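Student: Chain by chain, the residues:
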Amino acid sequence: MNAKSKDPERKGYRSLLRAENEAVLANIPLPLEIRVHGRGGQGGVTCAKLCALVYSRLGLFAQTFGDYGMERAGAPVRAYTRIDRNPIKNRNKIYSPGHLLILDPSLLESGAMGGVRPGSLVLLNTPDPLAFFHGAYEEFRFAVVNATQIARKHRIGTSAVVIVNTTFVGAYARVVGLPLESLKETYSSLGLINDFEAAREAYDSVTAGENINPAAVSPMVTSPGSRSSLDVIPLTELTQDLPTPLKTGSWRTQSPRYVTLKSPCNHACPAGNDIVGFVQKLENQDLDAAAEILFGTQPLPSVCGRVCPAPCMAACNRGQYDGAVNIRGLERWIGDHATNYSVTKNMSASSKKVAVAGAGPAGVSAAYTLARAGHQVVIFDNQAKLGGILRNGIPAYRLPEEALDRDLNRLLALGVEHRPHQVITSVELERLAAEFDAVILATGQADSIAPEFPGIDLPGVEQGLTFLNRVKTDGKERIRGTVAVIGGGNTALDCAGTAVRCGAERVMIVYRRGRLEMPAIKEEIEDILLEGVELILYRQPVRIIGTGSVTGLELAEVQLGAPDGSGRRRPVVTKKLSRIACDHVLIAIGQRPNMGILPSGWLVRNQRVHYDEQPVNIWLAGDLTTGDGTVAHAIGNGRRIANEALSFLEERASCSMELSSSVPEVVTADGMRFSCFTTKKAHQDRRLDVASRIEGFSEVNLGLPIENESQRCLSCGNCAHCDTCLIYCPEGIITRLNQDYFINLDYCKGCGVCVWECPRHAMEMSPQG
Amino acid sequence: MITGNHAAAMAAAMAGRANRSGRGFCSGVYPITPSTECMEFLCLQDIEKGHVVKVESEHSAMAVCVGASAAGARTFTTTGGNGLIYMSENVTVAAYLRLPVVMVVGNRAIGPPWNIWTDHSDSLTLRDSGWVQIYCWNNQEVFDAVLMAFRIAEDHRTLLPVMVCQEGFVLSHTMTLTEIAYQAQVDKFLPPLQLPHRLATTPRALGTFDTSHMIEAHREQHHAAMGMVWSAYREAQADFERIFGRHPPDPVVTYRTDDAQLALVSMGTIAETANQVVDDLRGRGLKVGSIRVCMFRPFPFDALKQAFAGIPRIAVIDRDISLGFGGALWGEARGLAEPGAIVQNFVTGLGGGDVRPEHIEEMVTEALGLTTSGPPVFIGVGE
Amino acid sequence: MKGSESPHYRRLLRPGNTNCGGCGMSVAFQMFRRSIGETNIQLVIPACCAAVAAGGFPYNAYEAPVLLSTFASAASTASGMAQVARLNGENTRVVCWAGDGGTYDIGLASLSGAAERNEDILFVCYDNEIYGNTGGQRSSATPVGAGASNIIKGKLEPKKDIMGIMAAHGIPYAATISLANPDDSKRKFERALREKGFRFLLILAPCPTGWKSDPSKTVELVRLAVRSGLYPVIEIENGRRWIINIEPDFSRADLERYLSLQRRFKKSEIRPDDMRRAIDLLWEKLRALAGCIT
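Those protein sequences? They're chains F, R and V, same order as listed. Residue numbering for the first sequence follows our numbering, starting at 1 and increasing by one per position. Residue numbering for the second sequence follows our numbering, starting at 770 and increasing by one per position. Residue numbering for the third sequence follows our numbering, starting at 1153 and increasing by one per position.
None of these hints come from the bench; they were simulated from the model. Computed from a prediction, not measured in an experiment: that's the story for all the values here. Do not rely on the hints blindly, as some may be mistaken.
[Stated by the list, open to error] Computed list of lysine-lysine pairs in DSSO-like fashion (alpha-carbon distance at most 30 angstroms, straight line): (1) V:K1364 <-> F:K153; (2) F:K247 <-> V:K1338; (3) V:K1419 <-> F:K153; (4) F:K681 <-> V:K1348; (5) F:K385 <-> F:K476; (6) F:K153 <-> V:K1312; (7) V:K1364 <-> V:K1348; (8) V:K1312 <-> V:K1348; (9) R:K1074 <-> R:K1056; (10) F:K262 <-> F:K681; (11) F:K184 <-> V:K1418; (12) V:K1338 <-> V:K1437; (13) V:K1419 <-> V:K1364; (14) F:K184 <-> V:K1437; (15) V:K1338 <-> F:K680; (16) R:K823 <-> V:K1312; (17) F:K184 <-> V:K1312; (18) V:K1305 <-> R:K823; (19) V:K1437 <-> V:K1305; (20) F:K247 <-> V:K1364; (21) V:K1312 <-> V:K1419; (22) V:K1338 <-> V:K1418; (23) F:K247 <-> F:K153; (24) V:K1437 <-> V:K1418; (25) V:K1437 <-> R:K818.
[What the hints assert, rightly or not] Every beta carbon over 10 angstroms from chain F, so not counted as near; a handful from chain R, in silico: (26) H820; (27) F938; (28) R1011.
[Unchecked claim] Selected chain F positions facing chain R (Cβ under 8 angstroms, derived; list incomplete): (29) S106; (30) L108; (31) P234; (32) L235; (33) E237; (34) L238; (35) T239; (36) D241.
C-beta: ideal position from N, C-alpha, C; glycine also.
Take these sequences, add in the hints, and give me the full structure.
Tutor: Quick look at the structure:
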């Protein structure tokens, strides 16, 4: 049949068409009445029109109209279609439809089934499978399709108001045996061809019940209510308040809910601190509550609050707005000021004895975790005082002894026993393993790496850590002349700063990459430059010059090549050489663990010692095994290993939350609504003036002046009770009782304003049902 | 000696004062010939607990009345002709919200072509608006009808707005001797308005969406309230007579119709002329009578049917024309005559044309000559 | 605003109303109700979505007495109510709650009349820039470039300057409300309720159905309109003193995002650059009026 012959004006055209489609029409009882129930915005009226147009293409007469009223998006809407072989003259609404199409399952309960006779076709858009309706609607030809899901997948409509009509008609065509081709033609002619794929999907996925039991009576079928005019209150007699009884919650296709997602700071913290938690408590001016949260994971807040490179701050979403929150400063504030707070300790029913070897951050963290869990802990360490690298390797101007002791005293207050001057050997280790229920080995990276180039043994060349330790312990070290420090980490900077304070005339840091690649804390680099230290970048020492003692350093120029495993660009040493004159060389290019203390034949697997393929009650923690190199990493690892050991001792599966693989979604800057916040510059730490600094070893960073930096925390992914959801809810149905919000879902229309407006991504929408 | 406009304004002001122990009086007004002097006079009155809002249009004038009435005040306005047509949307609101607004209509032809003189077409256009309509034939009736209007409007059995119609210029601008009441009498006749559905502090919406069948119920109730006007009016007449010593006219007033072979039916001042003609013709031996329809809504079917009983010829005089049909009064009245009676419609006096005795005699002559009733006949056209 | 909410607050627009999800007018009601306290409010609502929202007889979706007036008559109907409240010594605040049709267009004459008479009324216009109730036809509040159901290619004429019109009446207080700035809004609602005489508030109220925007973006659209300078947030005292409350950043990104979050500008031939120029001119005028000529 060509296009010309489809001229609708041609006489007899309809009967010709009908004859052509007689096979299809044979299965359709005529005259046919179709009633569509939908909600405003779903396209119920168009659905009825589409049905009419499809039948009209088969040569039938059709009539279609909507039941217009005061409906708004989401409110119940009805539409009607009549199909016949003859012109249609009945203009009333349809009370007993042969085909009942329901676009929203909630309409089943609000009278949609009224007047439908047994044997009629009922097609329902629902997420539930046919089996869900078992036992109900048996007297009808009952079919279901999940048109909302299909239409949403094909992005028809908006997230809140999914337009399901075009999809749904696909299912209808299948159930009544209308050819998909005539559907396609109809959609094309209406410019709806983009929706045809969704219709095809519905055509394929609709499911219908097999048998009809005309005797069954569904409980939900009600006839449309009739009202006598006597029931209507006269206008002059309406004196009482009758609040609208409509439960608009049934309009909803998606529901808002409150969620707690992971903030980037919490995600980034190697120590596993709940940063959002303690900062928000600080913001509520509850220092003890903040301490309780922080001290739950952090035995060394005063230390980390000073020396941590703060990956949390690098990850802070506010960094992409107006500057990261000074989290380190806030941590320090708690460590230094929460002196009244005493750490709680659980009483364990089966107290175990655990030995911790090494009093550095990993050992301290392990001991702290175990002691708080109620176990007896003994720390063995080769030094006189606790602290390990923190005490020996970090200069006092960066980490004063009293700050370190403040943290360690908190540990000792938990009843941890300290055995100083205990050198751990393999023999000693075997003894401890026998004597204690568990041993945690956290001796760190005890050996400094020495470069392999000529002149390394000359007098005046020294390992940086040895230098730092000596300066700290004797306190009278003086340096004359020029000092060159090799390395770019915090130890290199500490060496340089210490050399300045010891009277060196000139101090240089030689580093093989650029300033941005230096692993040291950025603020510390700025400090050291203020103190007069020079950076010699992209230079690799190749030889220490001198006869009898150091006189200089020969450097090769470095170019940066492809990134290495750490993401930093790999230095490529060239043959371009230069020299600098110096009197001292301090080596600060890193340390490595001494694994020699393990007896031969003992192997480490997953941070646990194994012998003969069997696990032994010795665990390794911190830099000794991870080599991460920061205090925060050591703390995190120390705790994790302590918990591992505890799981073993308490004969339970390793169920540590922190090792769980289901990490909640991290809130990125994209998920934040910065526009809700006013810009506020970060509060900077107060710093000692440069002249006073280099006179001695007074602490340079004096910390935050007040704790109100906490107000800058956006509390990413964590409800901060800001009431934004409540203020913007168009329905006024979000209420707050103390710290809990309630959404009255009886009325929630699922618009999503609360979720979109939540400044911190602490709400989400999920599809209804 | 006062004009109809002043009579209306005085009655309205006194009715307003009478509500000082209630929620007061509030009026929205906008000038239009021939009702301007009524609104001007009202604005100059000193009304305790009363205020006249001088708005920017008739549409707003009635809106002020709707708002004030819903808030429980006694309300009044006046307009006519195009002013009434422009106001008409809110005229229907006052009725459908069942607010007892009283309005004096100075009847005027609707233009353009402009014409400022009298014609019943304006108020009759709004005969279906749900208002009670009273048509007056002299200034005294205007004064009395305004007071009666408040009484029946505010009656809890009715709660309907009332339109008091006076012919522009013929009454509105003509000074005659008129008895004015004392305030104390009016206070006695009009107790303070108590609107049962007044908006106060209880959350309640007036005018919300009615579904199809619900609006049917509200119309049915409205129609039933119209049916209550008769008894409310009768009781008010009795009270009025007791207090003021005058008897306001019945909804239908007959004049010498007992043995009449022809009755002239009319509204307003034409009836006064018709009665003179009746006297004249009876003097000449013709058995004619006159019937005045004083209340057009609700329509006095029973009274008119009774008045028509036994009269073989009826001439209905309309000072209006429902174009394409005929006079509105004729349309309502013609079915009430005796079977076989001839009911002939005469349209006259449009746009202020005088309806003189000879015009009415011409109608009588024509009507007596008819063997069957014909289409409406225009009398006095183009004179 | 934080911590201001008790679970037992007085609702003005009740849950269960039939407004579309994400309706800007609904958000406006929620903002307004936080300012009313124990004040007795009487609402006058002309024909518009807010009238439909009242619900079907005999129910009431408002927690206040409401009179539904004819389309053109909100201000005059309210005049009657306010006068009766005054005559009876009541401190009832009569509030008109009208759409842009009932304000800029069919309601303008009665609005102007009531403003000129300085009636003791608060007139609130929730402006969705179309005749939303009838399916989204153009109004004189439709901005240049926006399409409507009867102007597919976008409106060629600029939006009527209703604030200028109201200022010209010399009314005691007029202000525009930004739904994205609840604190500023609360202050203005409170002041507008407190002042005597005629007060006018304009609220840009996105209509997800008419603007073809996602319902969740209702407040965001206002925020973008404010930041881009399209919707000035101002106050006018006694028709003379113009105050700019929120300084936009006039960012092009915000303007483009504003346009992209709704489909009514899709078929328009007006480019962001054209709008940019119109915004510049608008602000030049505003700054002159506010006495801070740049």
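Student: Which numbered conditions among the earlier hints are violated in the structure presented, ordered from lowest to highest?
Tutor: 4, 6, 7, 14, 17, 18, 22, 25, 29 and 30
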